[in-house]
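**Student:** Sequence:
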Amino acid sequence: MQLLTDDEGAMAVRSARAAIDHAVAKRPESSFDLTPVFREKRGVFVTLTKGGTLRGCIGFPYPVMPLGEAIVHAAKAAALEDPRFPPVAKDELPAIQLEVTILTAPEPVGGDPAGRPAKIVVGRHGLIVRGMGTSGLLLPQVATEYGWDATTFLDHTCMKAGLSGKCWTSKNVEVLTFEGQIFADHPHASRG
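The working numbering puts the sequence shown at residues 1 to 192.
Some hints could be false.
Once the Cα atoms are required to be at most 20 Å apart in a straight line, the calculated EDC-like pairs of lysine to aspartate or glutamate come out as [unchecked claim]:
hint	residue 1	residue 2
1	K50	E81
2	K160	E145
3	K26	D91
4	K41	D7
5	K26	E81
6	K171	D112
7	K26	E92
8	K76	D21
9	K76	E29
10	K90	D21
11	K76	E92
12	K160	E174
13	K41	E107
Each pair of labels, with its calculated beta carbon distance range [said to hold, decoys possible]:
hint	residue 1	residue 2	range
14	G52	A114	35 to 45 Å
15	D6	M132	40 to 50 Å
16	T134	A95	26 to 36 Å
These aren't lab readings, by the way, just hints derived from the structure by calculation. Heads up, the beta-carbon is just placed ideally off N, CA and C, and yes, glycines get one too.
Sequences and hints are given; from them, build the entire structure.
**Tutor:** In C-alpha coordinates form, the structure reads like this:
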(Lines of atoms letter the chains of each structure in order from A; the text may use other names.)
(Lines give C-alpha, C1' and ligand atoms only; values in the text may rest on other atoms or scores of the structure.)
Protein backbone atom coordinates (compact mmCIF):
# COMPACT_ATOMS: atom_id res chain seq x y z
CA MET A 1 0.00 0.00 0.00
CA GLN A 2 1.32 3.40 -0.94
CA LEU A 3 1.46 5.57 2.16
CA LEU A 4 -0.17 8.97 2.11
CA THR A 5 2.08 12.00 2.44
CA ASP A 6 1.57 14.43 5.33
CA ASP A 7 -0.15 16.81 2.89
CA GLU A 8 -2.50 14.01 1.75
CA GLY A 9 -3.18 13.16 5.38
CA ALA A 10 -4.12 16.79 6.01
CA MET A 11 -6.43 16.58 2.96
CA ALA A 12 -8.07 13.46 4.44
CA VAL A 13 -8.68 15.25 7.75
CA ARG A 14 -10.05 18.39 6.01
CA SER A 15 -12.33 16.23 3.88
CA ALA A 16 -13.68 14.38 6.94
CA ARG A 17 -14.21 17.67 8.83
CA ALA A 18 -16.05 19.20 5.86
CA ALA A 19 -18.28 16.13 5.53
CA ILE A 20 -19.23 16.34 9.22
CA ASP A 21 -19.88 20.10 8.99
CA HIS A 22 -22.11 19.49 5.96
CA ALA A 23 -24.02 16.60 7.56
CA VAL A 24 -24.48 18.11 11.02
CA ALA A 25 -24.57 21.88 10.47
CA LYS A 26 -25.95 21.79 6.92
CA ARG A 27 -23.01 23.91 5.75
CA PRO A 28 -22.41 23.94 1.98
CA GLU A 29 -20.69 20.83 0.67
CA SER A 30 -16.98 21.39 0.12
CA SER A 31 -15.02 19.97 -2.75
CA PHE A 32 -11.30 19.37 -2.60
CA ASP A 33 -8.71 18.89 -5.30
CA LEU A 34 -7.57 15.46 -4.10
CA THR A 35 -4.49 13.58 -5.28
CA PRO A 36 -4.78 10.27 -7.20
CA VAL A 37 -4.38 8.15 -4.02
CA PHE A 38 -7.92 9.23 -3.04
CA ARG A 39 -9.27 7.39 -6.09
CA GLU A 40 -7.77 4.08 -4.91
CA LYS A 41 -10.01 1.71 -2.99
CA ARG A 42 -8.89 1.72 0.64
CA GLY A 43 -10.30 0.86 4.03
CA VAL A 44 -10.71 3.80 6.41
CA PHE A 45 -12.07 4.68 9.84
CA VAL A 46 -13.02 8.08 11.18
CA THR A 47 -12.88 8.49 14.96
CA LEU A 48 -14.50 11.44 16.74
CA THR A 49 -13.65 12.47 20.28
CA LYS A 50 -14.90 15.21 22.55
CA GLY A 51 -12.88 16.19 25.60
CA GLY A 52 -10.70 13.09 25.12
CA THR A 53 -13.72 10.75 25.20
CA LEU A 54 -14.89 8.67 22.26
CA ARG A 55 -17.87 10.31 20.51
CA GLY A 56 -18.16 8.15 17.38
CA CYS A 57 -16.12 5.75 15.27
CA ILE A 58 -17.28 4.26 11.99
CA GLY A 59 -15.46 3.02 8.95
CA PHE A 60 -14.84 0.46 6.28
CA PRO A 61 -12.34 -2.27 7.16
CA TYR A 62 -12.15 -3.47 3.57
CA PRO A 63 -11.27 -1.49 0.42
CA VAL A 64 -14.81 -1.31 -1.00
CA MET A 65 -14.80 2.21 -2.46
CA PRO A 66 -12.39 4.99 -3.42
CA LEU A 67 -10.68 6.49 -0.40
CA GLY A 68 -12.04 10.01 -0.92
CA GLU A 69 -15.60 8.71 -1.01
CA ALA A 70 -15.01 6.32 1.93
CA ILE A 71 -13.71 9.17 4.13
CA VAL A 72 -16.85 11.24 3.48
CA HIS A 73 -19.20 8.31 4.20
CA ALA A 74 -17.28 7.24 7.33
CA ALA A 75 -17.12 10.79 8.71
CA LYS A 76 -20.86 11.38 8.29
CA ALA A 77 -21.66 7.98 9.79
CA ALA A 78 -19.32 8.53 12.77
CA ALA A 79 -21.11 11.81 13.51
CA LEU A 80 -24.69 10.66 12.96
CA GLU A 81 -24.99 6.86 12.90
CA ASP A 82 -22.73 5.28 15.54
CA PRO A 83 -25.33 3.28 17.52
CA ARG A 84 -23.37 3.74 20.75
CA PHE A 85 -23.94 7.51 20.80
CA PRO A 86 -26.60 10.10 20.01
CA PRO A 87 -25.95 12.04 16.79
CA VAL A 88 -23.45 14.88 17.08
CA ALA A 89 -25.28 18.20 17.51
CA LYS A 90 -24.34 21.40 15.71
CA ASP A 91 -23.28 23.13 18.95
CA GLU A 92 -20.80 20.26 19.65
CA LEU A 93 -18.86 20.72 16.41
CA PRO A 94 -16.22 23.15 17.76
CA ALA A 95 -15.33 20.65 20.51
CA ILE A 96 -15.11 17.58 18.25
CA GLN A 97 -11.63 16.34 17.36
CA LEU A 98 -11.24 13.81 14.58
CA GLU A 99 -8.82 11.18 13.45
CA VAL A 100 -8.69 9.46 10.07
CA THR A 101 -7.04 6.02 9.95
CA ILE A 102 -6.21 4.71 6.46
CA LEU A 103 -6.08 0.89 6.49
CA THR A 104 -4.19 -1.78 4.64
CA ALA A 105 -6.27 -4.73 3.43
CA PRO A 106 -6.94 -7.21 6.27
CA GLU A 107 -5.00 -10.47 6.12
CA PRO A 108 -5.80 -13.72 7.98
CA VAL A 109 -3.54 -14.83 10.82
CA GLY A 110 -2.75 -18.40 9.83
CA GLY A 111 -1.57 -21.40 11.77
CA ASP A 112 -2.64 -22.89 15.06
CA PRO A 113 -4.99 -20.58 17.02
CA ALA A 114 -2.80 -20.90 20.13
CA GLY A 115 0.05 -19.24 18.21
CA ARG A 116 -1.94 -16.16 17.16
CA PRO A 117 -0.58 -13.78 19.84
CA ALA A 118 2.99 -14.32 18.60
CA LYS A 119 1.96 -13.11 15.13
CA ILE A 120 0.48 -9.81 16.33
CA VAL A 121 2.67 -6.74 16.69
CA VAL A 122 1.12 -4.37 19.23
CA GLY A 123 1.18 -0.80 17.94
CA ARG A 124 1.41 -1.95 14.34
CA HIS A 125 -1.52 -4.32 13.81
CA GLY A 126 -5.21 -3.71 14.14
CA LEU A 127 -7.42 -6.75 14.61
CA ILE A 128 -10.63 -8.18 13.21
CA VAL A 129 -12.19 -11.21 14.87
CA ARG A 130 -14.84 -12.93 12.78
CA GLY A 131 -16.96 -15.95 13.62
CA MET A 132 -20.21 -17.31 14.98
CA GLY A 133 -22.20 -14.83 12.88
CA THR A 134 -20.51 -11.72 14.24
CA SER A 135 -17.32 -9.69 14.02
CA GLY A 136 -15.39 -7.06 15.93
CA LEU A 137 -12.60 -4.66 15.02
CA LEU A 138 -10.12 -2.62 17.02
CA LEU A 139 -7.75 -0.14 15.38
CA PRO A 140 -3.97 -0.52 15.82
CA GLN A 141 -3.70 2.44 18.19
CA VAL A 142 -6.14 0.96 20.73
CA ALA A 143 -3.74 -1.63 22.18
CA THR A 144 -1.00 0.98 22.56
CA GLU A 145 -3.35 3.47 24.18
CA TYR A 146 -4.43 0.95 26.82
CA GLY A 147 -1.04 -0.73 27.26
CA TRP A 148 -2.29 -4.15 26.18
CA ASP A 149 -0.15 -7.09 25.12
CA ALA A 150 -1.15 -9.19 22.10
CA THR A 151 -3.24 -11.66 24.13
CA THR A 152 -5.21 -8.91 25.86
CA PHE A 153 -5.72 -7.18 22.49
CA LEU A 154 -7.13 -10.42 21.05
CA ASP A 155 -9.40 -10.86 24.10
CA HIS A 156 -10.80 -7.34 23.77
CA THR A 157 -11.37 -7.72 20.03
CA CYS A 158 -13.36 -10.89 20.75
CA MET A 159 -15.43 -8.98 23.31
CA LYS A 160 -15.97 -6.16 20.80
CA ALA A 161 -17.50 -8.85 18.55
CA GLY A 162 -19.81 -9.85 21.41
CA LEU A 163 -17.97 -13.15 21.94
CA SER A 164 -16.09 -14.59 24.91
CA GLY A 165 -12.68 -13.06 25.56
CA LYS A 166 -10.81 -16.20 24.54
CA CYS A 167 -12.78 -16.88 21.34
CA TRP A 168 -9.60 -16.37 19.31
CA THR A 169 -8.34 -19.76 20.56
CA SER A 170 -11.06 -21.51 18.52
CA LYS A 171 -10.50 -22.82 15.00
CA ASN A 172 -14.06 -21.63 14.25
CA VAL A 173 -13.04 -18.00 14.70
CA GLU A 174 -10.98 -16.13 12.11
CA VAL A 175 -8.48 -13.48 13.19
CA LEU A 176 -7.26 -10.91 10.67
CA THR A 177 -4.64 -8.17 11.02
CA PHE A 178 -4.29 -4.86 9.22
CA GLU A 179 -2.16 -1.75 9.59
CA GLY A 180 -3.25 1.86 9.75
CA GLN A 181 -1.82 5.24 8.87
CA ILE A 182 -3.23 7.81 11.30
CA PHE A 183 -3.92 11.49 10.67
CA ALA A 184 -5.56 13.71 13.27
CA ASP A 185 -6.62 17.29 13.79
CA HIS A 186 -5.92 16.91 17.51
CA PRO A 187 -2.80 15.24 18.91
CA HIS A 188 -4.50 13.54 21.87
CA ALA A 189 -7.60 12.01 20.24
CA SER A 190 -8.89 8.75 21.74
CA ARG A 191 -9.62 5.75 19.56
CA GLY A 192 -12.63 3.49 19.06
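**Student:** If a hint holds in the structure, say so; if it does not, say that too.
**Tutor:** Against the structure, the hints:
no., hint, result
1, K50 with E81, "holds (16 Å)"
2, K160 with E145, "holds (16 Å)"
3, K26 with D91, "holds (12 Å)"
4, K41 with D7, "holds (19 Å)"
5, K26 with E81, "holds (16 Å)"
6, K171 with D112, "holds (8 Å)"
7, K26 with E92, "holds (14 Å)"
8, K76 with D21, "holds (9 Å)"
9, K76 with E29, "holds (12 Å)"
10, K90 with D21, "holds (8 Å)"
11, K76 with E92, "holds (14 Å)"
12, K160 with E174, "holds (14 Å)"
13, K41 with E107, "holds (16 Å)"
14, G52 with A114: 35 to 45 Å, "holds (37 Å)"
15, D6 with M132: 40 to 50 Å, "holds (41 Å)"
16, T134 with A95: 26 to 36 Å, "holds (33 Å)"
Checked against the numbered hints above, the structure violates none of them.
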